[in-house]
Each structure stands twice: as structure tokens, then as C-alpha cells.
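Undergrad: Read off the chains here:
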Amino acid sequence: MAFDIETINRLIVLFINAFGIFLGAWVLFANRKAALNRRFTLMTIAGLLWVNSAYLGFSSKDVSTAVALYKLNGISALLTALTFYYFFILSFLKEEEKHSLLNKIILLVIFLLICLTGFTDLVVKDVRWKEFGMEIIHGEYGGIAYYLFAFFFILLMAVWLIRKYFVLSIQEKQKTQYFFIGIILWMFFNIVFNTLIPLIFNTARYQHFGDYSIIFLLGFTAYAIVRRQLFGIKVLLTALLVVLIAILLLLNTLLFTENTPFQILNGIIFIVFLFFGYYLIKSVQTEIKRREELEELTSRLERVNVELATAYKKLERLDKAKTEFLSIASHQLRTPLTAVKGYISMMLEKIYGKPPKKMIKPLENIYASNERLIRLINSLLNISRIETGKIEMNLEKVSLEKLINDIFGDLKQAVEGKDIFLELKKTKEPLPEISVDKDKIRQAIMNILDNAIKYTERGGVTVKLKAVKQKLQIIISDTGEGMTGDEISNLFVSFTRGKAGVRMWTEGAGLGLYIAKKFAEMHNGKVWAESPGKGRGSTFYIELPIK
Amino acid sequence: MKKILIVEDEKMLAEMYHDRFVQAGFKIVMAYSAEEGIKIALKEKPDLILLDILLPRENGIGFLAKLRQNPKIASTKVVAFSNYDDPTTRKEAMEFGVKEYLIKTNYTPQEIIKKIKTYLK
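Chain order of the listed sequences is A and B. The numbering of the first sequence is my numbering, which starts it at 588 and goes up by one. The numbering of the second sequence is my numbering, which starts it at 67 and goes up by one.
Calculated from the structure, these hints are not laboratory results. Glycine included, each C-beta is placed from N, C-alpha and C at the ideal position. Among the hints, a few may not be true.
Stated by the list, open to error - Under the rule of at most 27 Å between Cα atoms (straight-line distance), these lysine-lysine pairs were calculated in the DSS-like manner:
1. B/K109 / B/K68
2. B/K143 / A/K989
3. B/K180 / A/K999
4. B/K132 / B/K165
5. B/K180 / A/K984
6. B/K180 / A/K989
7. B/K157 / A/K989
8. A/K1134 / B/K157
9. A/K900 / B/K157
As the list claims (entries may be wrong) - Which bits of chain A does chain B cover? Going by a derived footprint, with three or more residues having C-beta under 8 Å, they are:
10. 913-925
11. 931-941
12. 954-968
So here's chain A without its partners, still in its complex pose:
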């Protein structure tokens, strides 16, 4: 069966209509609420009107019908340009507000041209019958104005497209590449068939082919709008090339090969080519997909890095604020405690005269309570510094014997109140001075002694100093409560206390031993406890390196 040009033309128009309607519906139903999708569908309707009026005008037998259809064709082309313009600036440039003046000018020019086309003979003057169909005769000035507009409109879109394309991100680029190809094909065919050929050769013989090319724009754009997962443009081009070669091979086999063995050979080549072509496309697709995944991962990593850096800075600021707050808050808490401590101590020193005898004990109790508060604040401040790692060491040579005697002075009152003894066993040989942070070691010994006195009701507390290899041990033994293995293992944990502590005493926050351990560890030393069992006393060890 021979296909004449008219049949092919009819089939193309039929195909474009079916495909166009499908695209318009597909995009609209993919997201009916989005302005982008709605504008696309409007553009499709205008575009189909354009194609159909061109075809019908071209093939009509009657002059007045042809003129009316060509006028409709001119108007629908303008409407396509208008809908395309709004679609383009919204989807691609994303700067609708920026061009409000240009928007108005374009709207006005299109409106004027529509009026000129529809109500005057300036654009479409007449038609004449040629052997191929009805050819349009343009009015002299109207036609020039119409084509000038088309030319400048296409030029403007092309400039915007190119300018914008280079500042797009990689992710945006891929999506717009489809749009890009559609527009380029559409513009190319329009410039060639609708503008250049009519202007240069003064013939409308091929004009409708330009009109048909809108289907490229619609097809590629619809695909880019609806599909989230796009094939890379390289895959697309590879596929197009493979299909083109396949069509040529098929045509060659069917039309130009007369000899049956050659036909079979060509058929085999065609099938082999299809097979390899398919794998070529697949492999290009896989490779590109991997690269894209890698790019995506890289950019995600970069984003995460930035987020991490910001979060870290925020944490640092918070940490600093917390430290400052603690210093200031403890200062504020300590000031009234200092006044209470000072005045009570002075009353007990009889600076303000001898207090009545029955007042001595209450004064001592106030003093002791105040001391407990002071110790608690000191402990909390220390713990906070230990746990944020914000604690500095000020090393100096210290004689432990002297230091312990000092501490005994401070604890005199506590011991006297309980009727127990507190003694330091003399060493046979003098012990070396060691390099430590005096305040911290004093605090560590003090905390452990305090604890021992607290849990001893009869007998007393003995301190021994002992050199073991390159280390000095401070051994604090008491005749008190004693501990089970479980209690020992919980002793040096922040915010916990031995069971004896819960039962017998409720004072103290259980922080002292934890602080003692941490302070010893800062000197590369250690703290541990031993006890033969309940009711049989405990022994605490502080071991520090001799330096």
C-alpha cells in the first residue's frame, strides 16, 4: 500500500491529537491543584487548536472556510505563545513577579495581534489554492508584525533559557534538560518552518510541519513535570540514537533489500543490533544512575557536615553559658553563706562577748549546717567542672603529712562532737614531698575522712602514709559501719550512696567520694575501698604517684 503525503499528514495530526489529549490529561490529573500543571494543560489545549486549525485550513477546499481557519490558526498560535510564556516563567525562571512590566507588554502585544488577526485582514488576507493545499496570503504589514513578534518572542525565550540554565543546580538541571530539549526542538522547527522558510522562500508549503513540532515541547515537558525519577539526558540521547539506527536498519531490510538471503542477514543484524542496543542503553543508564547516587550522597554528606558544624557551635555556646552561669550562681549563693559563717564563727570566738552557755550548742549547729551547705555548693561546682572537663591543675610540691595535719585542724570540731579519735600514724622514714594540686588532694582526703567520721560511732579513724614502689598511699581506716561488696562497688559513682548511708545518715549528697576519686585520677592516682564486712570497719586508699 502506498502512503501518499496527505495520508501521512492526516495520520500525524491524528497521532498528535491523541497524544496531546493524553499529555494534557496526564499532567492535569497528576496534580490538579498546582498552577504549573494547570498552565501546562491550557498550553496543550492552545497547541492542539493550533495544530488542528493549521491542518484543517491547509486541507480545506473552500476559500472562506480556509480563511476563517487560518485566522483561528493565527489566534491559537498566539494563545499558545501566551500560555507558554506564563508556564515558562513560572516553572523555569520562577520569577513571575520580577517581570510585571514585561508581562503586561507581552499580554498587550498578544491581545493586539489577536485582534488584528481575528477582526482585520492585516495578518490573514486571503488564501490561494496551490497543488499541495490552501496557502495563506498575509497582509503586508500585519504579516511582518506577526512574524517579527514570533521571532523576538522566541529570541527572548532562548536568551532567558540559556542565561538561566547555567545558574541551575545539578538536581534542577536534570529536570530542565527534558524541558530544554522540547523547547529547542519546538523553537528550531518553528524558526525553520514558520518563520525562515515563509520569509525567505515566500511559501507556506511546509508551514504545518512547524506547527506539529509543538508535540515535542508538550511530550518532553509533560514527562519532566510528572515523573520524579528521570532518565539522564545522556540515556535519552543514546536511546534516540539506537532507535534511529534501528529504524534505518529496519527500513533497509524491508524496503531496499530485494534478495531474500540478504534480507535474512539484515534481519539478523537488526535483531543483534536491537539486543546490543538495549544493553548499551541499560549500561549507560546504570552508570549514570551510580554517578547520580554518588553525587546525591556527596551533597547529603556536605549538608550533614554543615548541620553538624552548626550544632557543635551551638553546643559550645551553651556549654560556655552553663559554665558562666554556674560560676555566677555559686558566687551569689556563697555570699550570704560567707556572712553567716563569719558572724557565727565570731560569736563562737566571743568577739561580741561571751554568749550564754545554752546558746553555744545552737550556734555550733548553725555553723555546722552552714558548712554543709557550703560543701554542697563546692561539690556541685566541682562535679560540674569534672563532667565538662573544665578543671585545671595547679601543681606544687606538697608534704602530705603537713597537709593531713592541716585537715585534722578543720575536722577537730566534727570529731570532738562524736567522742571518737582521729590520729595520724607517724612513719619511720620521712616521706618525699610530691607534686600535686594541693586544693584538690586536700579536698579528696577531706571528703574521705569526712565520710569515715560520719559512719563511725565508736572507736575512731586512723590515717597512715606508706610508700609503695613509686607511689604514696594514704590509708584511712575506721572502726565504723563497714560495707558489703555491693556497697563498695557503688561507692564511687556519682549521685549514689552506700546502703549504710541511706539507713544511718541522710546528710551529704554522696558526691564526696566521687569527687575524691576523680581528683586522684587527675593525678594519675586511684582511690579504692576495702571492708571485711558489716560492722567491721572500712579502709579507704588514696594512691598517688611520687613525682
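Assemble chain B onto chain A, guided by the hints.
TA: Showing chain B alone in chain A's frame:
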């Protein structure tokens, strides 16, 4: 009789230390800010300055900087005493040659006198 300048902005504490120090036999001059402290130090030439760190406007570190710059009083002994226990501030004070940085709340006035006496020998 040794002369001591106490720089302390907290009125109640200033009064307390003043009473106890006088009782212990010192001649006491008082200042309630860093600026006033420098003026009085220049005028009275104390044997020792007991310096609070958190003061209104200029703090104790600023006081130390000015003190050490003025040749007439630069070599005055200073004991810092504050309830503001910040490692950086403590370090700065030590770098200005204070004898000690005492946390007020850990010492009774009597204990502070004991400390001071060792530096006045």
C-alpha cells in the same frame, strides 16, 4: 600596727571583716570599688591589700593591672578573696602576683587573719 586595705563592695561582708580585723589589732582602711581602692592605696600605702574580685564597674583584675602599673604602689602585697571561683579569673589574678586566691566561703575571718599574718612576717 600593720595597715590593711580591704576592697570589698558587699557592705555586710565589708563591715564584718572590718570588725574582726580591727579586733585582731590591724589598722584597716576600706574601699568599695576598684577606682576608690587605687586612690586609697596611693594615699594610705597599706602593707597588704585584701581584694575582692567581683566589683562594680571595674573588677579586681582591672584593679591589679592598675596597681602593678603604678610604681608608688606596684609592690604592695595582695591577697585575692572572692566567692567567684572561675579558673580563668584565678589564673589572671595569680599572673598579677597575688599571694593567694581564697574562696571567702571556705574561710572564717579568723582563718583569713591567720593567712594574712604569714604574708606580713
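Undergrad: If a hint holds in the structure, say so; if it doesn't, say that too.
TA: Consistency of the hints with the structure:
{"no.": "1", "hint": "B/K109 / B/K68", "result": "15 Å, holds"}
{"no.": "2", "hint": "B/K143 / A/K989", "result": "25 Å, holds"}
{"no.": "3", "hint": "B/K180 / A/K999", "result": "17 Å, holds"}
{"no.": "4", "hint": "B/K132 / B/K165", "result": "17 Å, holds"}
{"no.": "5", "hint": "B/K180 / A/K984", "result": "22 Å, holds"}
{"no.": "6", "hint": "B/K180 / A/K989", "result": "17 Å, holds"}
{"no.": "7", "hint": "B/K157 / A/K989", "result": "25 Å, holds"}
{"no.": "8", "hint": "A/K1134 / B/K157", "result": "23 Å, holds"}
{"no.": "9", "hint": "A/K900 / B/K157", "result": "26 Å, holds"}
{"no.": "10", "hint": "913-925", "result": "holds (count 8)"}
{"no.": "11", "hint": "931-941", "result": "holds (count 4)"}
{"no.": "12", "hint": "954-968", "result": "holds (count 4)"}
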